[in-house]
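K.L.:
Protein sequences, first through last, are from chains A and B. Going by this note's numbering, the letters in the first sequence line up with residues 276 to 540, in that order. Going by this note's numbering, the letters in the second sequence line up with residues 8 to 304, in that order.
For the record, the hints were derived by calculation from the structure and aren't laboratory data. All residues carry an ideal CB built from backbone N, CA and C; glycine is no exception. Possibly wrong hints are sitting among the right ones.
Stated by the list, open to error - Under 10 Å between C-beta atoms, here's a sample of chain A residues computed to sit facing chain B:
| hint | residue |
| --- | --- |
| 1 | Ala-328 |
| 2 | Val-330 |
| 3 | Glu-350 |
| 4 | Lys-352 |
| 5 | Ile-357 |
| 6 | Gly-358 |
| 7 | Arg-359 |
| 8 | Asp-363 |
| 9 | Pro-370 |
| 10 | Asn-377 |
| 11 | Ala-381 |
| 12 | Arg-387 |
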Amino acid sequence: MLAIKNVTKIFNKNSVNQKTALDNVSLTLEEGDFVTVIGSNGAGKSTLLNVIAGVYPIDTGSIKLEGNEISTLPEHKRAAFIGRVFQDPMKGTAPSMTVEENLALALARGKRRSLRWGISKKDRKLFKEKLEVLGLGLENQLTNKVELLSGGQRQAMTVLMAALVKPKVLLLDEHTAALDPKTADKVIELTNIIVKEHNLTTFMVTHNMEQALTMGNRLIMLHEGQIILELNESQKRNMTVKDLIREFEKVRGVKFVEDRVVLAN
Amino acid sequence: MYVTVGFFIASVEQGLVYAIMALGVYLTFRILDFPDLTVDGSFPLGAAVAAKMIVDGYSPVAATLVPLLCGACAGIITGVLHTKGRIAGLLAGILTMTALYSINLRIMGRPNIPLLREETLISQFSSAIPQPFANILLFSLAVIIIVLFLDWFLYTEIGLALRATGDNPYMIRSLGANTDAMKILGLAMSNALVSLSGALVAQHQGFADAQMGIGMIVAGLASVIIGEVVCGAKSIPFATVAVVVGSVIYRLAISVALLVGFRASDLKLITAILVIIALTTPQMKSILKVNKVKSSS
Chain A
276 MLAIKNVTKI FNKNSVNQKT ALDNVSLTLE EGDFVTVIGS NGAGKSTLLN VIAGVYPIDT
336 GSIKLEGNEI STLPEHKRAA FIGRVFQDPM KGTAPSMTVE ENLALALARG KRRSLRWGIS
396 KKDRKLFKEK LEVLGLGLEN QLTNKVELLS GGQRQAMTVL MAALVKPKVL LLDEHTAALD
456 PKTADKVIEL TNIIVKEHNL TTFMVTHNME QALTMGNRLI MLHEGQIILE LNESQKRNMT
516 VKDLIREFEK VRGVKFVEDR VVLAN
Chain B
8 MYVTVGFFIA SVEQGLVYAI MALGVYLTFR ILDFPDLTVD GSFPLGAAVA AKMIVDGYSP
68 VAATLVPLLC GACAGIITGV LHTKGRIAGL LAGILTMTAL YSINLRIMGR PNIPLLREET
128 LISQFSSAIP QPFANILLFS LAVIIIVLFL DWFLYTEIGL ALRATGDNPY MIRSLGANTD
188 AMKILGLAMS NALVSLSGAL VAQHQGFADA QMGIGMIVAG LASVIIGEVV CGAKSIPFAT
248 VAVVVGSVIY RLAISVALLV GFRASDLKLI TAILVIIALT TPQMKSILKV NKVKSSS
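Extracted from the complex, chain B is given alone in its bound form (with noise of 0.2 Å):
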């Protein structure tokens, strides 16, 4: 009994961390219909950042909210390599992301930095709080400030026009919104929160490593659909809380399938095997459909 209610707890804690990661991924891949490929590297930049500056006896709150700004920069530049370089939204992120990497290590100054014995957030929350529910406690804290802000934002003279960007550029463009400014700003968030996510997950799970955010983008997608295909997304507050859901049912998952037998490594296989089913879905009904009414016919 206790294993499974620790196994439990421990992939709560985890789909609440990595949902602030998702809820960034939403930005861009549903409000912005942006693919956005730097998410590879900004999770990493935080991680980088934040351990860095924790190491050096920066505050630990200080080594959390400093990882915000230096994702939002990562965003502004893929943003403006897109809108004023012209260059294809995926190539922009892959640019930044590949760029990153280089960045991180310069950061850390090698590839791992260990946080065992530091002062962390966590550490300083579960001396007040005992543990699980330090952890859970300060990251649903966290969730809840985003997924609110989010659905404020969202909902804003701004943030309608950023939506409507995704939704019909030509439309917002003859409305007098600069659609160029509108896609800078929601990669900034959207990096933002990732990078945030990864300062938060250096300090959970103890470290950061330069590898830490291979295959981030298809972990935040498949939080982002399992999301919807569980809760919908009827507007937007439907939608981010739809997000957060899908990234603890995606971690939940995950534990599943390394307790009956998966190696740590196929995971990455899994996701991807799992986004893909969830995005050819739509089109494999049609088929379907398509040969249900040739055979009738």
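Same shape as in the complex, but just chain A (with noise of 0.2 Å):
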């Protein structure tokens, strides 16, 4: 389904600052798979979900969909395929636009954009029951703008636009880690929802481990632009965040340190 084959991305080439974001990285996911994807920092989470997405073109490698060349096209015609959320609730969301507007404007991804009137009767009912899935009473909220709402509203908002037309691949970037925990709970359950309703194939980065290995069927661990470990389901369900810890040092023969990660249990 999603071929991610050699890629390598390398920052500032040339300089001083070049920088290996991505190390020939390799990596085959199915229709349906949720891969969540772990690592200290500066490991390449963020870059191997924006390069998929065409934030950044790649150095060298490819990027198959479907038997597709996707590394080539630039990132608003990818984006017909992909659904994204971001780490900042502020990046997902128009916030002087009407949550109505916000919603048709998540409606029309991956189609043409016409002269036609941007909401009908239609859309407007669809909007509705989308949004009383949320239970955050934003259905009742369709033509306030959506700077009035708070944080975690327009990161539920984001996910729900990010499913609102089916994608092909669903880009999860870190999305609840500017949430507080409750609002952050309430959005992973959203999520859980959308993509077993859809079944979704997801990436979701994250820096909490007990998510990683509770959500999800397969788990990737980077490291310095590397994957240095792959489970499966059943290997998942077997690891403990203790377990995950000391593979990690026994691949890199480093200790590890990193203070965001979320420790859980």
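Dock the two chains into a complex; use the hints.
P.N.:
Below, the structure written as structure tokens:
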């Protein structure tokens, strides 16, 4: 379904600040795979998601989606089949536009935008139904500007918007890291519902090891731009957070230092 | 009494015809979040093309509509310089504006074309309807059509994407819109309106002049900001009407300034100060608040 092959991404090439963010990374995902991605800061987690989304071009390698090479397409063209949620809740919605206008923008993802009226009655009904699922009362705030909403509400909306038109791949880049724990739980719950409902092929970057183990059916650990650990569903089930850290130390031969990792349990 | 009525009507006329320019500035400055200095060049471009065409015997209707296309081209050039050439927005506008100064002189063949005895849209209109109603009617009609057009366009699928491009480009790119194309489209529409305004102003005042665009962007900003202060900008229809109201108030204020003894050459300074006050008011308020908190503690 999604085949990432020998992908290398180097930032600031041929300068003193040269940094290899992805080093010959290969990974194949089947339809419906939900991969959690962990690793220390600067390991290349976000870069991996960003090269799939087309934010930066890759230096070498190929990214194929259902057999078609997508690494040469610009970001807005890849958006037709990729849904994204960012770490910053402010990044996923347009603040001075209304709730329904934001949803309408998401509903037009992958379609040719025309001079038709942006929101139809039918759309509005659909938006209300979808927003009710969130349980945040947003269905009664369709014409409110998004800037009036909290970060958690905005992030919940972004998750909804990313899957409003079913994407072939969903990319979640630490999408709960900037939220308070209670809101984060809610957004995770919503993520699980939406991913299951559409059987979405998903990448989720997280700093929460517990989350990385409990969510999804696969796990990869990145370090210095390489995949250093790959777990399948059954391996994942038998792992604890402590095992995961031991594994990391064994593979790299260095002590695991990561202040941002949440060592729940 | 007659003086005050005439004075009022003249300001309203000017306010309406310059409102078309201000609506263009609103599109870039507020919707696209792009301070576009092309305006200072595309306004006289519209005037130059209209004047030259009228002098050369083309119909006044054609001489009013062709500038729309010329202005759109100017906007496209700024847009391409900014998006494809990666030139900062302000500089891209300045480059186009500077280039247009020479182009406008080339179009006119001299620095100034008088239109006093020529047949213009204004003279055609006022042969049917007495002045000053002809001007007010003509300009109101143009403004109403443009306001309704913008109100419609900004709620279409493309219009929503255009607004999102100014509001949150990351988001709209991740939702599949080509932000470069949206910026170019917005700049083209904006400068088309600005040039149309220039074409009408030339016919209204009876001449086109290579210098008539100086400070136009600041006058446009003043109108947009005054409108927002007076009417608010809750939604697009509110905001577009506010721009028109702002433009009329601005022209009235300018006339009053002249009445109380300022020279015409002082007006740019007054306008600039007006815009500075409007733009810095939020910061001033927060500074004053901080000071209050400090002094009370």
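K.L.:
Each hint should be assessed against the structure and marked as holding or not.
P.N.:
Here is what the structure says about each hint:
{"no.": "1", "hint": "Ala-328", "in the structure": "holds, 7 Å"}
{"no.": "2", "hint": "Val-330", "in the structure": "holds, 9 Å"}
{"no.": "3", "hint": "Glu-350", "in the structure": "holds, 5 Å"}
{"no.": "4", "hint": "Lys-352", "in the structure": "holds, 7 Å"}
{"no.": "5", "hint": "Ile-357", "in the structure": "holds, 8 Å"}
{"no.": "6", "hint": "Gly-358", "in the structure": "holds, 8 Å"}
{"no.": "7", "hint": "Arg-359", "in the structure": "holds, 5 Å"}
{"no.": "8", "hint": "Asp-363", "in the structure": "holds, 9 Å"}
{"no.": "9", "hint": "Pro-370", "in the structure": "holds, 6 Å"}
{"no.": "10", "hint": "Asn-377", "in the structure": "holds, 8 Å"}
{"no.": "11", "hint": "Ala-381", "in the structure": "holds, 6 Å"}
{"no.": "12", "hint": "Arg-387", "in the structure": "holds, 9 Å"}
The structure is consistent with each of the numbered hints, conforming to all of them.
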